[in-house]
Every structure is written in C-alpha cells, then in structure tokens.
Amino acid sequence: MRKITAGMLVVLLLIFALPMLMLFAASFFQGDLIAFLKGETDFLEASWQRYVTMLDNEELLLQLWNSVRITLSTLALQLPLSVLGGLFLARSSIRGMGFIRVLLLLLLLLPFQSIMVPVFKMSRWLNMYDTQLAVILMQAFSPLGPLIAWLLIRAIPGEHWEAALLDCKSQLTIFCRAIMPQLLPGLAVLTLLCFAEAWNLVELPLILLPDTELRPASLMLNDIRSGSNQYAEGVLYALPILILYGATGFALRKEDSAIM
Amino acid sequence: MKKQKLLLIGVLPMLGFAACYLVPLGMTVYYALVNSTFDSRFAGLGNFSHVMENRYFQLGIQNLTLLGGGMILAAMLASLVIAPLLYRHPKLAGLGMAVLLLPLLIPSVSAVSLWSAVFDTRSTLAAASSQAALITLYLWKYAGVGAVLLYTALQKIPQAITDAAALDGAGAVRTYFAIRLPMAGEQLAGVMIFLTMFMFRCYKESYLLFGDYPSSSVYMLQHYMNHQYVKMNFQYVAACAVLLVLFALILYGAAFLIMKRRRLA
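Top line first, the protein sequences correspond to chains A and B. Residue numbers for the first sequence follow the numbering used here, beginning at 1 and rising by one. Residue numbers for the second sequence follow the numbering used here, beginning at 1 and rising by one.
Hint data in this document are derived by calculation from the structure and do not stem from the laboratory. Just so you know, not all the hints are guaranteed correct.
[What the hints assert, rightly or not] Taking lysine-lysine pairs in the DSS-like style, the calculated list, with each CA pair at most 25 Å apart, reads:
(1) A:254 with B:231
(2) A:254 with B:156
(3) B:231 with A:121
(4) B:156 with B:260
(5) B:91 with B:156
(6) B:91 with A:3
[Claimed, not checked] Just some of the chain A residues that point at chain B, by a computed CB distance under 8 Å:
(7) 92
(8) 109
(9) 176
(10) 237
Here the structure is a predicted model, which means the values were calculated and not measured. For each residue, glycine too, the CB sits at the ideal point set by N, CA and C.
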C-alpha cells in the first residue's frame with residue numbers, strides 16, 4: 001500500500017512539474033515541440049537559436065525593462081511599508097484594530113474589478129493616468145504585505161520584546177537589532193511573494209497604462225511574441241522568479257540547518 | 001512601543017491602503033447609484049436593473065458561478081487527494097511542496113505560452129476546449145497550494161488521536177475522512193477562501209488565453225465589466241462591481257462561518 005501511494009504521489013508531482021519541463025524543452029527546439037507531439041508537424045531540431053533571435057526583438061526588451069522597473073520600484077516601496085504596517089497591526093492596541101485587519105483581508109480577497117472605475121478616475125484626477133507610478137503605488141500599498149508582516153511579527157513571543165527592553169530603551173533599536181533578525185526568513189518569503197505579484201501584473205497596467213510602450217511584459221508578451229519564440233520568451237520571463245524561488249528555498253534550508 | 005509612536009509608524013501604510021483600496025471601494029458604491037460618473041443625479045437601483053437584464057451579464061454570472069464553482073471544486077478535490085499523500089510520505093514532502101508551490105509564482109503569461117499551444121486557444125475553439133484550458137490552468141496554478149495548506153493542517157493534528165483510531169481498527173482512509181478532515185475543518189475552510197480568491201482573479205489567465213472576446217463558454221462577469229469599461233459606461237461597471245462584491249461576500253461569509261463554527265467545536 002505504501003509503495004502504491006508513493007507511486008501516486010510521484011505521478012501527481014510529475015504532472016505538476018510537467019508544464020514547466022515542457023516549456024523548457026520546447027524552448028530548445030527549432031520547430032514546434034507541442035505541434036510535433038500532437039502530430040501536426042514532422043520538423044523538430046534541437047537548437048539555441050530561439051534564445052538568440054529573441055534577444056534581437058527590441059520591443060520585447062523594452063517590455064522586459066518596463067517589468068523590471070515596475071517590479072523593483074514596487075518592491076523598494078512595498079517591503080518597508082509592509083514591515084511598518086505589520087508592526088502597527090501587531091503591536092498597536094488602539095481600538096478598532098480588529099476591524100482594520102478585517103478590512104485589509106476583505107480588500108485582499110476582492111477582485112480588482114470591484115475598484116476598477118474609481119482607480120481609473122483617481123489616477124486621472126492626480127495626473128497619474130498612463131504613468132508607471134500609478135501602477136507602482138497601487139501595488140506598493142496592496143494589503144498583502146502588511147497582512148503577511150503582521151502574521152510574522154505576531155508569531156514572535158512577547159517575552160522577546162520584554163527581554164530586549166531590559167537591555168535597551170529605544171524601541172526602534174530593539175526592533176532593528178532583536179526582532180528583525182527573527183523576521184528575516186519570513187521577510188524572504190514576503191519578498192518572493194511581492195516580487196511574484198508585481199512581476200505578474202495584468203489587470204492594473206491594462207487599466208492604468210493605455211500606452212503600450214509603458215506596459216510590462218506580463219501583459220504584452222502575448223501580443224508582441226513572435227510565434228516561434230513564444231516558449232523561449234515564456235521561459236525568459238519565468239526565469240527571475242525561478243532564481244528567486246531557488247535562492248529563497250536555499251536560504252531557508254540553510255537557516256533551518258543552522259538552528260538545528 | 002508607545003501608542004503615539006506606533007500610530008506614526010502605521011500612518012503611511014494605512015493611509016496609502018485607504019487611498020488606494022478603501023476609498024475606491026466606497027466610490028464604486030456611489031457610482032453604482034448615480035446616473036453616470038459625469039452626471040451625479042441619484043439613479044436608485046436603475047443601473048442594477050439595467051445590467052441584470054443584459055444577456056451578457058447573465059451569461060457572465062452564470063459562467064462565473066458554474067465554471068468558477070467547478071474550478072474551486074476540482075482544486076479542492078485535488079488538494080484532498082494530494083495532502084494525505086504528502087503526509088504519508090514525509091521524505092517526499094519537502095520536494096513535493098517545492099513542486100506544488102512553484103506554479104503559483106510562475107507568471108501567468110509564461111504558462112499561457114504553453115497552454116495556448118496545447119489547447120490551440122488562438123483558433124476558434126470548441127466550448128469544451130476553452131473550458132478545459134482555463135480549468136487545467138487554474139488547477140495547475142492553485143490546487144498545489146491548496147494541498148500544501150491542507151498538508152500543514154494535517155501535520156498539526158496530534159498523532160495520539162490517529163494512533164488511538166488505528167488501535168480501534170480504523171484504516172488509513174477511514175482515519176483520514178472520519179478524524180483528520182473533520183479536525184482540519186477550519187483550515188479546509190481557509191483553503192476554500194484561498195481558492196475562491198484566485199477563482200475571482202483568474203480573469204487574468206482568461207484574458208491572456210483568449211483576449212478580450214472569449215468564446216461564450218468562458219465569458220465571465222469580468223469580461224462584461226471590461227467591455228462596459230471600454231464603452232465608458234462606468235455606472236454599469238460600478239453596478240456590476242457592487243454585485244460582484246456581494247457575490248464574493250456571500251461566498252467568503254459562508255467559508256468564514258464554517259471556520260468559526262469549527263474553531264468553536
């Protein structure tokens with residue numbers, strides 16, 4: 001029975017891994033691997049050519065640059081704001097804190113379309129329509145960051161704060177020196193999630209950036225992709241996430257083994 | 001930390017959140033009740049009755065309910081199958097979680113480059129093929145995360161309880177359905193909330209797969225809203241948004257209620 005269930009698990013995991021493996025494999029062939037597997041074509045030849053020709057596509061490079069700019073600017077704002085928001089949610093004892101947390105959660109759960117029109121209107125009033133800044137600000141103030149940071153800070157026992165208070169009177173110093181190091185593994189995961197969200201934006205730029213030259217590749221790759229290179233472009237766009245995912249996993253494992 | 005200092009720390013993120021999300025949500029409700037965003041005369045429920053009579057709205061809400069419900073159900077079933085397998089094989093669990101969590105992070109546009117070739121979404125599609133493309137993409141991206149969440153919930157159940165059941169002669173399957181799952185009921189509701197959230201967000205994948213005008217079998221409420229937005233019928237978009245929020249609140253409310261009852265139990 002144990003062998004059967006292990007076999008089932010391996011098969012299921014392979015099914016989940018298959019699309020990424022297929023995408024990688026297809027990007028290294030001249031001719032369409034998927035069409036070949038479907039029996040629609042006979043031509044298939046292993047080659048790096050797709051990656052070479054892809055990098056000649058200036059439009060693609062511009063959209064990639066837009067993605068990098070939007071994502072990194074968002075992260076630069078979102079991470080400190082998330083920590084501050086999380087600290088406020090976890091440590092403040094003002095009335096109505098529970099209500100604020102529920103509001104954050106609710107707005108995280110609602111689809112973007114529920115605020116689409118006012119976001120468009122407000123961006124026009126503030127002269128931010130058709131600027132990447134509007135997208136960056138909307139994403140930086142997303143409720144996801146403060147909620148995750150709140151969960152991380154809440155998990156630190158109160159005694160750690162009190163013990164640190166005996167050594168140092170400055171609350172800010174305590175937070176930076178005693179609490180932050182404990183938050184680092186969680187913050188690595190938060191960075192990964194925020195990066196993935198910002199790297200994968202579709203609806204916000206669709207509404208706020210009518211100028212296609214300002215749009216990120218997450219929205220435009222479909223339109224600009226040059227037929228035969230679609231798999232290589234897909235891999236290229238997933239690559240930063242894969243690297244960050246691997247690095248975060250590696251860092252967390254190292255942290256775990258250091259504790260043990 | 002002193003109360004005033006903490007308030008100062010929280011001012012910027014909370015004001016930003018209010019300006020970017022809370023105020024717009026209030027404005028949506030306001031726009032849904034006026035003639036148009038350029039003519040702020042009170043329209044009562046006129047905008048709501050207008051959109052509810054529209055056949056594309058009806059198609060959108062029908063697909064959102066049936067297709068969305070189907071996607072959540074399929075992902076939930078997949079999670080229910082995968083989670084106990086991970087629990088039973090702890091040596092494979094680390095690798096398993098890494099594989100299952102990765103699709104959530106992979107940009108939709110990368111996944112779509114494969115899906116559009118496999119399901120041929122660029123050509124005129126048969127209804128079943130469009131639905132299959134959307135459902136499989138949703139399952140691939142989100143079912144794994146549901147399974148990991150459920151797996152972590154199963155890990156928290158004390159071993160002594162399941163050992164006692166095994167002593168009484170309960171098999172692995174019986175123990176899972178009669179003991180582990182009911183005990184993980186709260187987390188199960190959490191998985192449901194998570195899957196529902198991504199069901200509402202899967203317009204992103206649908207847009208990338210089929211563009212602005214999908215076949216009627218995958219036409220969702222969000223497509224209708226986008227079309228009204230392009231026509232600048234903002235009052236109708238707002239009315240749809242209010243209905244969408246109410247629909248979402250009913251689903252989330254039910255899941256939260258289950259969570260609360262399980263916690264009390």
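Outcome of the hint check:
Proposed proximity of residue 254 of chain A and residue 231 of chain B is contradicted: the alpha carbons are some 54 Å apart, above 25 Å. A threshold of 25 Å between alpha carbons decides the hint, and for residue 254 of chain A with residue 156 of chain B the separation of about 24 Å falls inside it, so the pair holds. Distance check on the hinted pair: residue 231 of chain B and residue 121 of chain A sit about 15 Å apart at the alpha-carbon level, within 25 Å; holds. At most 25 Å may separate the alpha-carbon atoms for a hinted pair to count; residue 156 of chain B and residue 260 of chain B meet this at roughly 18 Å.
Between residue 91 of chain B and residue 156 of chain B the CA atoms are separated by roughly 17 Å; this keeps the pair inside 25 Å, and the hint holds. With a C-alpha separation of about 13 Å, the suggested pairing of residue 91 of chain B with residue 3 of chain A holds against the 25 Å cut-off. The interface hint given for residue 92 of chain A is met, as the beta carbon of that residue sits about 4 Å from the closest beta carbon of chain B, less than 8 Å. Residue-level restraint check for residue 109 of chain A holds (minimum Cβ-Cβ distance to chain B is 5 Å; threshold 8 Å).
Hint status for residue 176 of chain A relative to chain B: violated, with the closest Cβ pair at about 13 Å, above 8 Å. Because the smallest distance between the Cβ of residue 237 of chain A and any Cβ of chain B comes to about 5 Å, under 8 Å, the interface hint for this residue holds.
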